[in-house]
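Chemist: Line by line, the protein sequences are chains A and B.
Residue numbers for the first sequence follow our numbering, beginning at 1 and rising by one.
Residue numbers for the second sequence follow our numbering, beginning at 1001 and rising by one.
I should point out that these hints are in silico values taken from the structure, not numbers from a laboratory.
Beta carbons: idealized from backbone N, C-alpha and C, even for Gly.
Please note that a few of the clues may not be correct.
[To be verified] Calculated from the model, a selection of chain A residues having no Cβ within reach of chain B, i.e. all distances over 10 Å:
1. V70
2. R188
3. L373
[Claimed, not checked] For the chain A half of the interface with chain B, some residues (derived, Cβ under 10 Å), not all of them:
4. G26
5. E53
6. G347
7. V352
[To be verified] Listed next, the in silico BS3-like pairs over lysine-lysine satisfying Cα-Cα at most 30 Å (straight line):
8. B/K1242 / A/K125
9. B/K1380 / B/K1365
10. B/K1331 / B/K1360
11. B/K1242 / A/K56
12. B/K1027 / B/K1346
13. B/K1242 / A/K216
14. A/K56 / B/K1186
15. B/K1140 / B/K1296
16. B/K1163 / A/K56
17. B/K1031 / B/K1140
18. B/K1174 / A/K56
19. B/K1290 / B/K1174
20. B/K1331 / B/K1346
21. B/K1090 / B/K1174
22. B/K1090 / B/K1027
23. B/K1031 / B/K1296
24. B/K1166 / B/K1186
25. A/K56 / B/K1166
26. B/K1380 / A/K125
27. B/K1367 / B/K1186
28. B/K1346 / B/K1174
29. B/K1027 / B/K1331
30. B/K1140 / B/K1365
31. B/K1174 / B/K1031
Here's the letter readout for the chains.
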Amino acid sequence: MRRIVISPVLREILRPIGQIIIFVSGSGVILSALLLLVAFFLRGSAVDQATLEHNKMGILAYTLVNLPQVLIDGVTIGFVYAAIALGYTMVYGVLEFINFAHSEIFAIGAFVGVEILIALDTAGKLAGLPIWGAYAMVIIAMIAGMAAAGGMAMLMEFVAYRPLRGAPRLVPLISAIGVSFFLQDAIRLTESLTTGQFNRIFPTFGNFSERVSLVKLGLAGQVVDVNIQNKSIMVIMAAVLMLVGLNYLVNATRVGKAIRSVAQDRPTASLMGINVNRVISLTFLIGGALGGAAGLLYALKFTKIDPFIGFFPGLKAFTAAVLGGIGNITGALLGGIVLGMLETFAGSYLSVFTMGAAGAEYKDILAFAILILVLIFRPSGLLGQQVGQKA
Amino acid sequence: MSKKIFFVLSIIVIVSMLSAGCAGQAKGTIKIATQTPLSGALSNVGSDMKNGAQLALEQLKGPLEKMGFTVELAPYDDQATPDTGVANAKNIVADPAILCIVGHYNSGVQIPSSEEYHTAGLANVSPANTNPTVTERGYKEVSRVCGRDDVQGAVGAQFANAKGLKSAYVIHDKTTYGQGIAEYFKREAENLGIQVLGFDGTEEKANFDAILSPVLAANPQVIYFGGMYDQAALLFKQAREKGFQGMFLSDDGFDSSDAAKIGGDPLLQGAGTYFSTVSGPASEYPGTAKFIQDFKAKFGHDPQPFAAQSYDSMHICLVAIENAAKAAGNKMPTRAAVTDGVRALKDFQGITGTLNFNSKGDLVKAKYFVIQVSSSDPAKWSENKISQTLELAPPQ
């Protein structure tokens, strides 16, 4: 009896960690292998000559030497996309519509967190903090951002989506786009009334920008120092925690059971005594809070935010959710990682492989071309078949 | 109740419209428009361009008012986007009271917008647009009080060469302005024997990880960015954090105190950050001491770059209108007369120097600067060190 009670809990914690390891290493290995294959066939070509001239090494060596760093960058941005994609996928799972305003929820999380840190910085509270203090401050800012973003998501559901429940599917979609524009300009208005600034900068403190050397590899006759920024480690750790926590919440708790049942069949769930409105509000609260946390992580990593910051990450995360199979939490994770890696691979190698003809500016073309291919051959996304798991 | 409010409101509207109509004195109202980014990522510079023009209008409208005209500023926000600029331009052209335009920060916005001004025969004095196409089209309506990118890009390359740099990696923002100046930099750099290791465009605003990996692999001595400060400063910062120790070089789009705010200390590390510009710090010009004082008194901060140029552009508009009005017997001048009046000015005494236009609308001699970023404090941006000052003629 006891084993049956405990083991699902442990399983729900260990399973996503296992999935993360499999997805990261799997997509890393597959993409690297493809890349090296291309580089291998380009040996001796004009591309090889050009690389030799500019970088003093052949195309294959160049690819190999840069690969570890590119993988790390790709995984970092991939986890950010995955964290945002969770919000899209949860709302889709429960209400079957795309909440396009999620990108602004992301921006609100970033703004609230960064404004708090800027206020602390101007008050002189951030200078000279010990390392643990700096991390504590970022976590406090992140929790504030999560609260604001989650609250705003709930409010948004109450004001803009709940009255439209039961309307044709396009109606809440249009409403979501309207909310998205409204929130963008509301942030812009608030910022210009209070600070008069458009660009806000994540204050410099702590040791977030320092790099940790992971390993020194001997590749292609060179010693390659593979290193990672402290803030990238923090982004990855936070995203993994969020993914595991959400997975546990949805699959191993009573609340999660309620969410899953509402996702499967709303009228029946309501007949079973589940308060459907409350569950939907909760879904928005959780999705919004995760989006807000992702916003602060994004601000920490890339340091500059502005009121329109949500648009591109939002679009990418939406793509990631569709790529992985929308409505599926594991799918969002896989989609985020794959998209982040693809984009970074394309951005890093396209200009070298094409001798500058198609530079990093075309990185999104490759990423979205893959999306189209996946949708042609697997319309429900990479992991779309597990309908029962959607939530 | 609501009917009552509606009634009161409509009375207010009618009265205010009537009074607005009466306010124009016997000879009518002359409006001068500004078009700059007042909102969005580039509003920091764009707002001060409007402020500079506003200051000029308030200080120098006396002669026209004595002639019996009411002179007003009509500020427009082009949001640094071409479509908004063109939409505004259509509105501006449709308002017969507007006789002159001070405008545009971005060449990519000025070029399509000025097609509208050209069709309507409306004079446009540009304080900041440096792309060659701005004047190369030969429109007599378009003149500028700043230098050109084909010269400025070359100045940047010559500076890198003088510093003994042998390799460069060029990145631009894919706008008319940024890509244009990056190409001029590349051309001159190659002429001088600097190896250009790569030439890449990006619209990315936050995550430069991917574009930076080939840059760092090529390990150039200088990274050149053609574009605006909001992208450039962040790209430089991320490159430094990734371990790049060489020099950063950019263009007049980098010239904003926000660059220091965004880039911070990494700009000062390694071989430092430099930018070429057509607009030196306001204190660099002979006649700007009073301008800086007045500007600070009115707006509470040091003027951003191009504010002094906007002041001069507005001054040119006012004088051209005044001359045209005199020629028309103290009546409201036509747009065509104002357009001719701008080019007819000889040895115009502006605060940025003595200005003369050639037949294309370029300055006969324009100033170019190379400036070193010397503090990461945005408040000290105007104290940046000038490395080089040149006075060059535009190519024929």
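Chemist: Under the constraints set out in the numbered hints, which ones does this structure not fulfil?
Modeler: Numbers 1, 2, 4, 15, 19, 28, 31, in rising order.
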